[in-house]
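Chains as they are written, first to last, in this note's numbering: chain A, 1 to 175; chain B, 1 to 370; chain C, 1 to 152; chain D, 1 to 332.
Keep in mind the hints are simulated off the structure, nothing from the lab. Check each hint, because a few of them may be wrong.
To be verified - Once the Cα atoms are required to be at most 30 Å apart in a straight line, the calculated BS3-like pairs of lysine-lysine come out as:
#, chain 1, residue 1, chain 2, residue 2
1, B, Lys254, C, Lys6
2, B, Lys274, C, Lys6
3, B, Lys188, C, Lys19
4, D, Lys69, D, Lys144
5, B, Lys32, D, Lys144
6, D, Lys144, A, Lys31
7, B, Lys274, C, Lys19
8, C, Lys6, D, Lys69
9, C, Lys18, B, Lys274
10, B, Lys188, C, Lys144
11, D, Lys69, C, Lys19
12, D, Lys41, C, Lys17
13, D, Lys326, A, Lys144
14, C, Lys18, C, Lys6
15, D, Lys41, C, Lys19
16, B, Lys294, C, Lys19
17, C, Lys18, D, Lys41
18, C, Lys17, B, Lys294
19, D, Lys144, B, Lys209
20, C, Lys17, B, Lys209
21, C, Lys17, B, Lys188
22, D, Lys144, C, Lys6
23, B, Lys188, D, Lys41
24, B, Lys188, C, Lys18
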Amino acid sequence: MSPLWSAQMIAFFLISLFILACAVMMLSFRKVVYMALAVGGVFIGCAALYILLGAEFVGIAQVVVYAGAITILILFAIMLTNHEATEPEEPWTVRKALAAVGCFLLGVTLLFVIRGQAWPQGDPSVDVNQGMSNTLAIGEALFKSYMIPFELVSLLLTVALVGAVILAQQRKGDQ
Amino acid sequence: MDERDVVRTEEMLLNVGPQHPSTHGVFRLIVKISGETILDAEPVIGYLHRGTEKLAENLQYTQIIPYTDRLDYLAAMLNNYALCHTVEQALGVEIPERAEYLRVIVMELQRIASHLLFIGAYLMDLGAMGPFLYAFQERERIVQMFNEICGARLTYNYMRIGGVRWDAPPGWLDQVREFIPYMRERLKMYDDLITGNEIFLNRVRGVGKYDTETALAYGLSGINLRCTGLEWDLRRKKPYSIYDRFDFEIPVGKNGDCFDRYYLHLLEMRESLKIVEQAIEQIPSGPVLGKVPKLIRVPAGEYYSGIEGARGEIGFYIVSDGKDKPYRLKIRKPSFVNLQLLPELLRGESMSNLLAILGAVDIVLGEVDA
Amino acid sequence: MLGFLKGLSVTLSQLPKKKVTIQYPDVQPEWPERFRGVHRFIPEDCTVCNQCARICPTNCISLSGTRDENKKLRIDTYDINFDICILCGLCTEVCPTECILMSDTFELANESRDKLYLDMHWLYENQLRYTQRHPERVAQEAAKDHEEAPAT
Amino acid sequence: MWQWQTQPLTWSTFLAMLIGTVVILLLALGVVTYGILAERKVLGWMQGRIGPNRVGPFGLLQTVADVLKLFIKEDVVPAAADRPLFLLAPVLAFVPAFMALAVIPFSMQHIFTAGIGTGLLYYLALSALTIHGVMLGGWASNNKYSLIGGMRSAAQMLSYEVPLGLSLVGVALLAGSLNLNDVVRAQQHLGLWFIIPQFLGFCVFIVAATAELNRTPFDLPEAESELVAGYHTEYSGFRWAFFMLTEYVYLFAMAGLTATLFLGGWSGPWLPGWLWFALKAAAFFFFQFWLRNTMPRIRADQLMTLCWKVLLPLGLVNLVLTAVLKAVLLKG
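With these hints in hand, go ahead and build the complete structure from the sequences.
Right under this line is the structure:
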């Protein structure tokens with residue numbers, strides 16, 4: 001069994017294909033709800049990739065947070081607010097054509113950069129989790145090595161949450 | 001308020017019924033809601049209209065009795081009595097003692113049966129499944145007793161002008177006697193099962209409140225009026241039949257909310273049992289049908305008398321021109337009157353209270369539409 | 001606070017209790033004697049007095065008769081339209097000879113309204129069925145008739 | 001037994017996985033079939049009725065007959081519905097429900113199920129995915145009742161996910177693992193079911209679980225007397241059957257989760273592990289039926305109050321208590 005066609009490889013390509021398909025669908029759908037669903041597909045695909053790479057905790061967290069919460073939030077926002085359910089088809093203009101060319105060039109550039117980079121080769125025989133389960137390893141890392149940044153991020157998020165509530169709240173003077 | 005600052009919501013028209021699991025028959029309610037708040041509600045009635053009042057103009061008085069069965073089909077005995085009572089008042093006939101007692105017994109049993117159904121159906125509206133079927137078990141016993149005494153389970157046609165159609169069959173009174181302690185025990189069970197339940201309390205306490213003035217202004221009667229604290233029961237205020245011989249209480253509410261309306265049903269059943277118990281003890285023997293002419297001709301004039309029905313004052317207004325058929329018959333239908341308050345009650349309420357309020361108003365569509 | 005636990009204990013206590021359901025098509029309900037089901041009719045006794053048709057609140061009874069050689073009225077047709085009959089039982093009350101009576105037949109469901117228009121023969125068959133089902137009740141009726149007969 | 005999750009993927013392990021999946025599917029279908037029957041029977045008995053008894057001996061084939069009827073029914077798609085989503089929604093709801101079963105350790109060797117290290121989290125993640133199906137089904141039906149039902153469902157399930165997760169954290173703390181099998185082993189090791197040291201957590205869990213399952217008294221999404229049938233008002237035939245299946249598979253999964261986390265899973269004396277598990281799951285089932293017969297429905301606004309103002313603080317308190325307990329009493 002050549003390493004190129006191991007089961008992992010096949011799974012990787014299948015998942016990538018799924019993600020790409022969902023991404024393309026997201027862009028090409030005209031109905032907003034469909035778009036939201038396609039985004040959900042992308043999230044789930046990413047989660048599958050994480051799990052494939054052995055990061056099951058991150059993968060599942062991805063499902064919980066993105067596919068579960070965020071997509072539902074988007075759906076809620078779509079269903080509860082008033083807007084056009086479908087986007088009108090836009091005509092193909094010179095500007096859009098130029099943008100497409102730009103995107104293509106960007107893609108090519110990125111490809112070259114990635115190919116040209118000498119990535120550090122991990123040693124598959126070394127267990128990055130040091131014998132612990134994936135979840136345990138993440139916990140150890142978060143609460144031992146990166147304690148301060150972790151708490152800072154929590155603080156930042158709390159501040160953001162409070163800020164969002166205050167912004168969304170009606171000012172008393174308005175009534 | 002600035003339009004841009006708030007989430008813009010549309011007013012939505014929601015059709016509740018006529019075929020909806022909880023409208024207690026074919027009743028349609030058009031609810032205008034904004035978000036969760038009810039802006040307006042409009043009851044649409046008439047799906048069960050049969051023109052009873054008009055039909056009655058072509059019927060002899062005895063023939064009208066079966067039609068009254070079909071008004072409030074959950075309390076047919078009371079309707080029977082209301083009509084017979086009015087005609088008897090007009091004729092001034094003497095009713096045999098035994099007939100009076102039998103009437104009181106069946107009427108109070110009927111009240112219990114009707115209240116039981118209210119409690120079951122109300123809890124069903126609120127999502128509890130058990131009480132509905134428990135209530136039907138007791139109701140079934142009452143209905144079976146009625147079946148034995150008059151041969152029908154729902155449309156009794158039992159009362160006649162001047163008395164009742166049949167005497168109680170042998171052993172029937174004993175059955176009723178046995179039923180009383182059983183029912184008392186079951187009432188205690190309902191108290192345990194429902195009254196203490198926190199979820200139930202949270203749904204009905206303080207919901208659909210109104211005060212005595214509003215109730216009187218809308219002409220409410222029965223439990224819908226007594227829940228506001230006014231002690232108004234025709235059995236006491238304008239004693240008819242032989243109700244003045246019995247010792248019973250008129251339970252009244254304090255807050256006029258859905259909980260009071262529910263609880264009064266429970267308490268009234270207790271009082272009704274008391275009346276039945278006393279009636280069974282006192283019942284004399286004798287004939288059950290008084291001396292009335294074969295063809296009843298009500299002397300010309302206008303007559304009205306109302307009795308305390310299961311849902312409020314049910315009254316028959318008869319205009320007679322001296323013939324054997326009424327010139328005009330008008331029925332005061334308690335459900336119909338009580339329904340008037342519904343839009344007023346619902347306005348401004350949350351959508352989630354709709355069912356709690358609608359259920360507690362306790363309407364029977366057969367009566368509303370007549 | 002814990003009122004709902006009381007409710008739970010109530011429902012649990014109902015679990016082992018005797019069931020009240022009747023297995024309907026297999027076990028027929030016991031109808032009391034006075035039960036007002038579909039009518040039964042005894043043509044021999046009918047005097048074609050028309051009282052039942054007159055008292056009927058819904059006008060669902062129609063009948064006709066002719067005089068026989070003894071100048072006695074004999075019933076020819078007797079139809080009840082169960083489309084509109086409300087089973088109030090007033091017809092049985094006015095009948096002087098007690099030839100129209102209520103039975104305990106109650107299954108009237110049908111796929112056509114025409115089949116609810118029942119004639120004398122059906123009603124008489126219903127009487128026979130009733131006799132079969134409740135011979136003691138019919139015997140009692142006959143005995144009562146016999147008692148009353150000399151008095152009148 | 002076959003520990004395929006630690007071995008590389010080969011055709012043989014793939015085949016074993018496939019067989020495992022099919023077996024679990026069949027198991028789930030069997031449990032759902034007889035779970036529904038048991039529900040109707042228990043409800044009947046509690047209400048003085050007999051319950052289904054016509055099809056098969058003691059009505060044992062009643063659900064089979066019902067499902068057959070659903071399959072031959074017309075698959076109605078309302079004209080104004082959003083067709084693709086309407087068709088897709090039941091599948092979206094069912095797949096994650098079924099996937100959630102994959103981590104439940106039915107017996108000691110967790111035959112046919114995966115013992116992944118993040119079992120608890122996996123369960124939560126998948127139950128969040130089902131909401132999509134429910135919500136989209138309600139939206140795509142293009143019916144006001146369905147829409148309200150779907151929205152309510154989504155809001156309810158999403159909100160109750162939070163206290164549910166919190167109550168699970170207490171268990172995870174005590175067990176020191178998110179792996180469900182490890183949780184059972186920890187209880188075996190402790191010699192105590194977690195329902196005792198985690199009683200507060202259990203209370204929060206059982207309320208949140210009932211709400212997650214949309215069962216009485218939290219069955220607002222399909223509140224019959226208010227919303228006709230909630231999000232599946234417009235569904236009929238086998239698509240409706242799929243929603244029903246989802247619900248009962250979830251009930252099964254939740255029963256499995258309860259048994260595993262709080263009742264010691266497959267551990268227990270004398271009897272074989274799978275029987276213990278079945279008994280504990282059955283107890284959960286019975287509790288749910290019992291509740292359904294007794295409770296009225298909670299009001300929509302009180303639902304959220306209960307979640308955020310009662311369950312969430314309780315869950316947090318439980319978390320703190322558990323941490324203290326673990327730090328003080330169970331050192332080492």
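Evaluated hints:
1. A C-alpha spacing of about 25 Å is found between lysine 254 of chain B and lysine 6 of chain C, which places the hinted pair at or below 30 Å, so the restraint holds.
2. The suggested pairing of lysine 274 of chain B with lysine 6 of chain C holds, with an alpha-carbon distance near 26 Å, which does not exceed 30 Å.
3. Between lysine 188 of chain B and lysine 19 of chain C, the direct Cα distance comes to roughly 20 Å. Compliance with the 30 Å bound is thereby established for this hinted pair.
4. Proximity of lysine 69 of chain D to lysine 144 of chain D is assessed by CA-CA distance (about 27 Å); at most 30 Å being required, the pair is judged to hold.
5. About 13 Å separates the Cα atoms of lysine 32 of chain B and lysine 144 of chain D, which keeps this hinted pair within 30 Å; it holds.
6. The straight-line distance between the Cα atoms of lysine 144 of chain D and lysine 31 of chain A is roughly 20 Å, inside the 30 Å bound, and the hint therefore holds.
7. Simply put, lysine 274 of chain B and lysine 19 of chain C have alpha-carbon atoms about 28 Å apart, close enough for the 30 Å limit, and the pair holds.
8. Taking the CA atoms of lysine 6 of chain C and lysine 69 of chain D, the gap is about 39 Å. The hint is violated against a cut of 30 Å.
9. About 28 Å separates the Cα atoms of lysine 18 of chain C and lysine 274 of chain B, which keeps this hinted pair within 30 Å; it holds.
10. With a CA separation close to 46 Å, the supplied pair lysine 188 of chain B and lysine 144 of chain C exceeds the 30 Å bound.
11. Between lysine 69 of chain D and lysine 19 of chain C, the direct Cα distance comes to roughly 28 Å. Compliance with the 30 Å bound is thereby established for this hinted pair.
12. Taking the CA atoms of lysine 41 of chain D and lysine 17 of chain C, the gap is about 14 Å. The hint holds against a cut of 30 Å.
13. Among the hinted pairs, lysine 326 of chain D with lysine 144 of chain A is consistent with the structure: their alpha-carbon atoms are about 19 Å apart, no more than 30 Å.
14. With a C-alpha separation of about 21 Å, the suggested pairing of lysine 18 of chain C with lysine 6 of chain C holds against the 30 Å cut-off.
15. Distance check on the hinted pair: lysine 41 of chain D and lysine 19 of chain C sit about 12 Å apart at the alpha-carbon level, within 30 Å; holds.
16. Under the criterion of a C-alpha separation no larger than 30 Å, the hint pairing lysine 294 of chain B with lysine 19 of chain C is inconsistent with the structure, at around 47 Å.
17. About 14 Å separates the Cα atoms of lysine 18 of chain C and lysine 41 of chain D, which keeps this hinted pair within 30 Å; it holds.
18. For the proposed pair lysine 17 of chain C and lysine 294 of chain B, the alpha carbon gap of about 51 Å is over 30 Å, so the pair is violated.
19. Restraint check for lysine 144 of chain D and lysine 209 of chain B: the C-alpha separation of about 28 Å stays at or below 30 Å, so the hint holds.
20. Distance check on the hinted pair: lysine 17 of chain C and lysine 209 of chain B sit about 39 Å apart at the alpha-carbon level, beyond 30 Å; violated.
21. As the CA atoms of lysine 17 of chain C and lysine 188 of chain B are separated by approximately 17 Å, the hinted pair is consistent with the 30 Å bound.
22. In summary, the hint linking lysine 144 of chain D to lysine 6 of chain C is not supported, as the alpha carbons are separated by about 37 Å, beyond the 30 Å threshold.
23. For the suggested pair lysine 188 of chain B and lysine 41 of chain D, the alpha carbons sit about 26 Å apart, so the restraint of at most 30 Å is met.
24. For the proposed pair lysine 188 of chain B and lysine 18 of chain C, the alpha carbon gap of about 19 Å is at most 30 Å, so the pair holds.
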